[in-house]
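Now that you have both chains on their own, put them together as the hints suggest.
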Amino acid sequence: MHFKANVHAKLSDVVLQGNLKNAKGKFVTRRAEAIRDLDDFEGTRDAAAAIRNKVIDNMDLWLETFERKALDTGAKVLWAKDGVEVCRLVIEIAKRHGVTKVTKSKSMLSEEAGLNHALEAAGIQPVETDLGEYILQVDNNEPPSHIIAPAVHKSLDEVADLFHKVHGTPRKTDIPALTREAREVLRAHFLSAEMGLSGGNFLVAETGSVALVTNEGNGRMVTTMPKVHVVITGIEKVIPTLEDLSTLMRLLPRSATGQSISNYFSILTGVKKPEEHDGPEHLYFVLVDSGRADVVGSDFHAMLRCIRCGACMNHCPVYQTIGGHAYGWVYPGPMGSVLTPLYAGLENSIDLPHAATLCNQCGIVCPVKIPLPDLLRKLREKQTEHGLRPLTERIGLRLWAWVAQHPKLYALGARVGARYLKWLAGDTDRIRLLPTAPEWTLGRDFPAPQGKTFRELYAARRSATPRT
Amino acid sequence: MSSRDDILGRVRASLHRNAGNAAAAREEIVAALGSRTQGPKPAIDADPHALLERFRLKSETQSSTVDIVAQESEVPAAVARYLAAMNLPKSAVAWASLAALDWGGAGLQVETRGARDADLVGITGCFCAVAETGTLMMCSSPDTPAAVSLLPETHIAIVRASRILPCMEDAWNLARQELGSLPRAVNFISGPSRTGDIEQTIVLGAHGPYRVHLVIVED
Chain B
16 MHFKANVHAK
26 LSDVVLQGNL
36 KNAKGKFVTR
46 RAEAIRDLDD
56 FEGTRDAAAA
66 IRNKVIDNMD
76 LWLETFERKA
86 LDTGAKVLWA
96 KDGVEVCRLV
106 IEIAKRHGVT
116 KVTKSKSMLS
126 EEAGLNHALE
136 AAGIQPVETD
146 LGEYILQVDN
156 NEPPSHIIAP
166 AVHKSLDEVA
176 DLFHKVHGTP
186 RKTDIPALTR
196 EAREVLRAHF
206 LSAEMGLSGG
216 NFLVAETGSV
226 ALVTNEGNGR
236 MVTTMPKVHV
246 VITGIEKVIP
256 TLEDLSTLMR
266 LLPRSATGQS
276 ISNYFSILTG
286 VKKPEEHDGP
296 EHLYFVLVDS
306 GRADVVGSDF
316 HAMLRCIRCG
326 ACMNHCPVYQ
336 TIGGHAYGWV
346 YPGPMGSVLT
356 PLYAGLENSI
366 DLPHAATLCN
376 QCGIVCPVKI
386 PLPDLLRKLR
396 EKQTEHGLRP
406 LTERIGLRLW
416 AWVAQHPKLY
426 ALGARVGARY
436 LKWLAGDTDR
446 IRLLPTAPEW
456 TLGRDFPAPQ
466 GKTFRELYAA
476 RRSATPRT
Chain F
23 MSSRDDILGR
33 VRASLHRNAG
43 NAAAAREEIV
53 AALGSRTQGP
63 KPAIDADPHA
73 LLERFRLKSE
83 TQSSTVDIVA
93 QESEVPAAVA
103 RYLAAMNLPK
113 SAVAWASLAA
123 LDWGGAGLQV
133 ETRGARDADL
143 VGITGCFCAV
153 AETGTLMMCS
163 SPDTPAAVSL
173 LPETHIAIVR
183 ASRILPCMED
193 AWNLARQELG
203 SLPRAVNFIS
213 GPSRTGDIEQ
223 TIVLGAHGPY
233 RVHLVIVED
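So the protein sequences, as listed, match chains B and F. Residue numbers for the first sequence follow my numbering, beginning at 16 and rising by one. Residue numbers for the second sequence follow my numbering, beginning at 23 and rising by one.
Excised from the complex, chain F in its bound form (with noise of 0.2 Å):
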């Protein structure tokens, strides 16, 4: 007998399965599945300037920082003007789906590609944002792989308002929505990487990036 059928064989005796139970059993997955019942939620506020709020301070509870501007346009100064303040590198790896920015312009050398591990600054979109936590969405593609947000030390993500969303299941509805089914990597993004496993106290920057820096687009 395989190990699958001898688990599943004492599970089934365990709960008295038969040819009668196991189909109600089946219909009440079937509805669980098609209902997808969402359980308590905060109430949040789901006014567009709210939620805007509402993110920025939860991911500046989460230690990440925050910059506002007012069209994609000016995302590449934004970007500039952060690196130049926290002197770092005027270089970056970036997803393609962001190639059509003018970050020449800016007076940044940015490519376009998968990220390498001597990559020291990242840029990202993402596909939402959830204002519950401040946490950010991310669905790998092959425009959007998910290397780009953990291996380089510094994570600069761009936010459109718009995709600001109040909690994790209207993230869920609109994945459902606009891709169909998941991707290979759906991963939520809430500050700088950290560990506390040294005597409980907390510090930025274990395996990924040491600090994550949101520019949102009011658009």
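So here's chain B without its partners, still in its complex pose (with noise of 0.2 Å):
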């Protein structure tokens, strides 16, 4: 993941950089007007991260509830410590009730494993089904840039080409056209697929149910047409009660998209009955840990409340510049920029906890109350104890920090520096180019130092009222 040679290549990208300003506000607009109609935002937002502290706090005993209750309605429980394990529990399900096909709703779980490109591997064909998945299927499995939104960083003239090359139809550029054309294909594989993948945005342990947020249809589909309706899920998304659902629901779908409500909701409990005309045969649940139980009772454990609504992407001011894929792994935005170091290794993606201004603009939007500027910070720290920052930086800290502890060093380096900084400046107040941090000079001036320093003033104040 080399994080700044994708920023410089995203920033220099003219084309993802107009789709970016054409998306940008859009979200968070919706979201602002949405939560106007809650006559208790705050209060709903701390009952929501209640909901999912409760769960936190005791999560073995919870999932143990949820996977009782689950088998009970006849569903099958698997766990998986990792992808790789996911991958192969899939294969395993798909085999044995003899699936060739599998339609899938989104399923971010899934990226996480890479499961589409095993499930090829093994001879089976994943068909995603969600329209931005699928469009990224279609174009060579380019990876989502966004949780909620996966295609957004591309436009309707990419996409106009990209139906015209692979579906060798007429180039259409009107959007509800080129859904239509979506719809048809899909509505095949649909149909033909003997199984349906899907994730969860919820477990409900009261009933042992999955809950499902969908708009396009496609979730309710690929768990209603295919016999064999397999769930993919972390294990932090248990929740304990409907009316606990119901609270939820009143955020998701606001900070999301700024709906009131998403479509389609879709609580799904059990198998089908043999007098039923729909509905899966067959229901397995994978409960997938790839990192999460370590984060239970670390400093990190707030992250486990997320709900995957992508506010906090929206609102970032990174995220709106660079987009997603500039992130490197699944999750992009804040959220990912605390998940992926826990999940993928803190050694792994050195410059995320630092792509982020600490604003706190995602804290103030996050449904959950999620603290994720300290979460970022924690990570900063994590880096500096295990010694993972580059050697340049540690060697200039530790400089730094032995001139700081000694004041007149200190203040001649700083009488030296102010007047280097005032001589490049010229005759003007500001600087134009750094030649020590050109980069920060890139896309705005460093404002020149005026005057005399702090301590230059400190001791002719102090020489000019003697002290009483």
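Honestly, the hints are just simulated from the structure, not real lab data. Check each hint, because a few of them may be wrong.
Stated by the list, open to error - When the alpha-carbon atoms are kept at most 27 Å apart in a straight line, the in silico DSSO-like pairs for lysine-lysine are as follows:
hint	chain 1	residue 1	chain 2	residue 2
1	B	Lys-397	B	Lys-19
2	B	Lys-69	F	Lys-63
3	B	Lys-91	B	Lys-288
4	B	Lys-180	B	Lys-25
5	B	Lys-39	B	Lys-19
6	F	Lys-63	B	Lys-384
Unchecked claim - Here are a few chain F residues that face chain B, going by a calculated C-beta distance under 8 Å:
hint	residue
7	Ile-29
8	Arg-34
9	Glu-50
10	Thr-59
11	Pro-64
12	Thr-155
13	Pro-167
14	Ala-168
15	Arg-206
16	Ile-220
17	Val-225
As the structure is a prediction and not an experimental result, all values here were calculated from the model. The C-beta atom is built at its ideal place from N, Cα and C for all residues, glycine as well.
Here you go:
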């Protein structure tokens, strides 16, 4: 994950910058309007955070409660330590039921596990059915750049070219026509796939159900039409009751897309009865760890409250400028900058905790009040504790610490530094190019120091007004 | 060691689990599942007329269309009127629970069965409706298959005004009271299917219906 190189590439990508500029603000405005019709938005956020904490604080017992309930409904519950095990279990299920094609509703965990690749290698065809995910899959399996709007980085023109190429149809440039074209292609897949695969927004312990939030109806398709339904979800997704589900649902669609409720909200429990017309005959839950168990009880446990709404990235000035791909892994934006180091390794994502201005826009909009800037700061501390920062930075800081402990030397350094900066500014009050940090002055000027240093002023004042 | 034991073992270790705190936590879980505490809810006028009005307004905000009739026997004519006005076919698939209505009398060919890909119009009832957000609650069963509200391009739902409740929490209580346990699928539906995945422009009719028409019966 070469964050800095990615950022340079994304900043100079003219098409991407145009698309990001176009998308910017739409989610923000819609969310701001949607939260107004909740009489007690802050109280609802507090209640939601408390619900999530309640489960995380006793996660082992809540997982056992959910498992027992799910088994009672006729579902099977499997556990996966990591992405490799997720792929192995899903392929085993597919083989057991003679599956050749899998329709998929959006699942970030399947992205974490690289499941599509594994299914293809096993001779099973995965078909992404969320429009955004489908666009990316037919574009050489491009990864998503946003957890809610995976193809937000693509323009209408790019999608028009892509569908013309992969479907072999006349090029269409209006969005409803492109959407209908995808609908027709995917309808055939929905009806022929033997297995449907979904993520899970929540697992309800009271009933052993999975709750799915969708707008397109693809989530309903993959959980209604095929004979096998597999839910892949993280172990942190359990909530206690249907009442808690209602509270969280007042926040999730509003925070994500600015809707008071998503079009479809499905609570699925157990398998089809023999006399029923539709629904899966087999239901599997794959409960995935992939780093989550180790976050329980750690300095970062608040991150497990995350309900994957994407509000933090929609409001993040850094995400809005570089897009989601620059973050290098499944989860972008502030939540991704916390999750990636935790799940993929602190040493593999050295720049991410620094990919933030700590402006706290993310913390203000988070529906479950995760203190994202605090967590980013803590990750920076961990990097330092583990000696993961670059050598030049470590030597530089040590040098600075030594100078700071020697006041006379520090005063001299400050005086020389201030004079040097003033000399760089020449006759003006600003510096156009800092030779030691040219990146800093790439898009802005550096203000030149004015007059004397603090120490000089302080010394002058002390000699002018003798102590009484 | 199985993955289950490994994962749960590490969670238990992180939480410093022991027999004492496990017993206390189990009591908390039983209490939480028993008390079913509700979070803050928007204040909603529970007067039947106010509920109907709010449900109608919110449904229209979700891009559904709404018709109101005085009694159930008027439903087939209202459905026929809508289909004619929209230039839609006069044949439909419907829930078996609606078989008793006189569809033929209104000039409609209605089959009560599960839905197929070729069905263009699907007619359903609903378990109840939620005024807070303008939402239908559908409970699957042999007589109320889920695909009828999903596969056809047009979904027509019949809503009894007395079944319009203020909030989702009220719908859960009604389900517990009348059904005991949850059916295989509870689908909350709020308007036609939609997507915003191309340039965040909302388009109606993604994978489910392009249009949802509600016929409310003032019973």
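_Hint check, Arg-34 of chain F versus chain B [nearest Cβ-Cβ separation less than 8 Å]_ = 5 Å, holds
*Should the interface hint for Ile-220 of chain F be scored as holding, given a Cβ-Cβ cut-off of 8 Å against chain B?*
Constraint on Ile-220 of chain F satisfied, holds at 5 Å.
_Less than 8 Å between beta-carbons is the criterion; does Thr-155 of chain F satisfy it with respect to chain B?_
4 Å, holds
*asked:* Can you verify the interface hint for Pro-167 of chain F: is its Cβ closer than 8 Å to any Cβ in chain B?
replied: 4 Å, holds
*Verify the proposed pairing of Lys-397 of chain B with Lys-19 of chain B, using a straight-line Cα cut of 27 Å.*
20 Å, holds
*Does the interface hint hold: is Val-225 of chain F within less than 8 Å of chain B, judged Cβ to Cβ?*
5 Å, holds
*Restraint check, 8 Å cut-off on beta carbons, for Ala-168 of chain F near chain B*: 5 Å, holds
*asked:* So if I understand the rule, the pair passes when the alpha-carbon distance is 27 Å or less; does Lys-39 of chain B with Lys-19 of chain B pass?
replied: Measuring from Cα to Cα gives roughly 22 Å; hence the hint holds.
*asked:* What's the verdict on Lys-180 of chain B and Lys-25 of chain B, does the C-alpha distance respect the 27 Å limit or exceed it?
replied: Judged against 27 Å, a Cα distance of about 25 Å means the pair holds.
*Verify the proposed pairing of Lys-69 of chain B with Lys-63 of chain F, using a straight-line Cα cut of 27 Å.*
20 Å, holds
_Using the nearest Cβ pair, does Glu-50 of chain F come within less than 8 Å of chain B?_
Status holds, d = 7 Å.
*Taking only the CA atoms, is the gap from Lys-91 of chain B to Lys-288 of chain B under or equal to 27 Å?*
At roughly 16 Å apart (the allowed maximum being 27 Å), Lys-288 of chain B and Lys-91 of chain B satisfy the hint.
Every hint, counting from the list given before, is met by this structure.
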